[in-house]
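Colleague: With chain C's structure known, arrange chain S on it following the hints.
Top to bottom, those sequences are chains C and S.
Each step along the first sequence adds one to the number in the working numbering, with nothing skipped, and position 14 is 14.
Each step along the second sequence adds one to the number in the working numbering, with nothing skipped, and position 81 is 81.
Note that these hints are calculated values from the structure, not bench results.
You can take every hint at face value.
Take a look, some chain C residues computed to stay more than 12 angstroms from chain S by CB distance:
hint : residue
1    : Met1
2    : Val2
3    : Ser6
Computed cross-link-like contacts, PhoX-like style, restricted to lysine-lysine with a CA-CA straight-line distance of at most 25 angstroms:
hint : chain 1 : residue 1 : chain 2 : residue 2
4    : S       : Lys151    : C       : Lys87
5    : C       : Lys87     : S       : Lys104
6    : S       : Lys290    : S       : Lys338
7    : S       : Lys151    : S       : Lys104
8    : S       : Lys35     : S       : Lys151
9    : S       : Lys367    : S       : Lys104
Which bits of chain C does chain S cover? Going by a derived footprint, with three or more residues having C-beta under 8 angstroms, they are:
hint : region
10   : 12-19
11   : 26-34
12   : 40-52
13   : 63-69
If you're wondering where the values come from, they're calculated on a predicted model, not measured in any experiment.
The beta-carbon is built from N, C-alpha and C at its ideal position, and this holds for glycine as well.
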Amino acid sequence: MVEIQSYLILSAITFIIGVVGVLARRNAIIVFMSIELMLNSVNLTLVAFSAYLGDTTGQMLVFFVMTVAAAEAAVGLAIVIALFRNKQTVNIDDINILKW
Amino acid sequence: MVEQTLHSLSQFLPETTLTITFCISILAGLILRNKPKVIPVISFAGILLATVFAVRQMGSSQAVFSGMIVVDPFAVFFKLLVGSTAVIIFLFSIYSQEVQSTLKRLVEYSSLLVAMTLGMFLMAGAVNLLMMVLAIELTSLSSYILAGYTKEAPDSSEASLKYIIYGALSTGLMLYGISILFGLTGATDVYAINRSLAATSVNSVALLIAVLLIIAGFGYKISAVPFHFWTPDVYEGAPITITAFLSVASKAAGFAMLIRFFKISFIDFNLLAAHAGGVWGLLQGFEWNKILAILSVLTMTLGNLVAVWQNNLKRLLAYSSIAHAGYMLMGVVVLNDKGLAAVLVYFMVYLFMNLGAFYVVMLVANKVGSEDIDSYKGLGYRSPFISVAMVVFFISLAGLPPTAGFIGKLFLFAALLDARWVWLAVVGALNSVVSLYYYVRVVRNMFLRDPEGSTEPIRFSFPQMAILLLLLVPTLLFGLFYSPIVELANASVLMFGVR
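The following block holds chain C by itself, in its conformation from the complex:
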């Protein structure tokens, strides 16, 4: 039996990796992958708590989070394509018409 702390620490680590990825990586596709990582760590936390509390609400939430993640990825990639047609790049540093 693995203690709940282990799951929570793991999910906290993946979450932080995801946040750092969003803030530090410069490729828009990788940024979206990092966001998926964040949402998956949310899922892990929910499932762990759900098993710990003996309450299935958490597992139900996971389905919704997955749906949200899929919708976000679909819209996000569509926007990346629209932008690529204009600028021929997915590098966030090159996307800088709008500033201060």
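Modeller: The following block gives chain S in isolation, referenced to the frame of chain C:
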């Protein structure tokens, strides 16, 4: 069970109307491919109908769909606010060149506006964390697409990408906060969270982290510092109609959720009976209102100071709307009935003055082709009526009498002083002075500078003027006869389940 669902459906009429309108708009877009101009009319009628249904919900207070959402005066108020904003935005769209130049995609535009309005209606009534997240997502996903609607313009798709990256990041942060809160309390319903927090003591550090993460999600929606980075870019890059919609409706829905979450989750009902200090009762050992106060000071100060340097009027209004979010957060810091009523009054006033300012920017950009502050030089001579209207909107945004903006600020400051937040009120007043500087800069360009280039008078059609009057008259009128909006606000602070 069946009866309960049927009863819930009868109380869900505004949202159902919007859902059906959304489906009809898309289908009609497929069938009437050669008549794209019909679709906005359908969407407009649907939103109007939904707003009328929302008016009919006034005064009722109950939870529907097994406590997922509530219908109470507070929710109805925000539904009306969002609905009327959407109606006005459709009127704007008739005269927006950006929108009318892409006739073929008018279906996307109007159906997504309906979807966004639906999301905001749900945000106003959501009392379950799951429902809150889904409502936020429905609103956000539609607005990501609409921000990039003029996709041929490079700044529009850039705005859209920035919007979705910041948006997805804050959704992720918020969801993580929710997952921790679920673990601590075993509930996703705000009333159950309240009961659980009242009955047992939870790990205060974990609760702190969870609530901070959830604030990140709300802060992004209302564009509070430090979650505001997307605001100027998106406001500048998106079509003006969408910018205006985001600046009023999206902010209002975000505030509705923020207020409901804090008020219901952390209120201590036992303390409340004894004295007014129970509003933040369940967060012992940690003063959340201080954190919100700091957030509010940062938001308005940064918004106002950066706005001083802006030369693009859309961007200037973006920073000014950040500052206004800061003013409204001052009312949330108080969070008693008086503070909330002040926020609601401010929102009603803000609707007219902010939409008015954006409308003038749109009309001028249509004729002059630029939103730059220099293109407003000598506008007072070329188009006196529009310029005078702009001056009224700006005076109102700065909060000077005799306009409605003054009344909004007056009630906020009164609520703050009443709750002994003197220093916060002083900071707010100082900020209003700073904001006057950049509003006056535009006014100076309009009236005290000679026009550059063309000096021909600019004329606008009668319907365009009528829409302007629709926004101008309330801005002036509510400055003098403010008792109706104050009464409406006082009646709308009641939330389901809060005595």
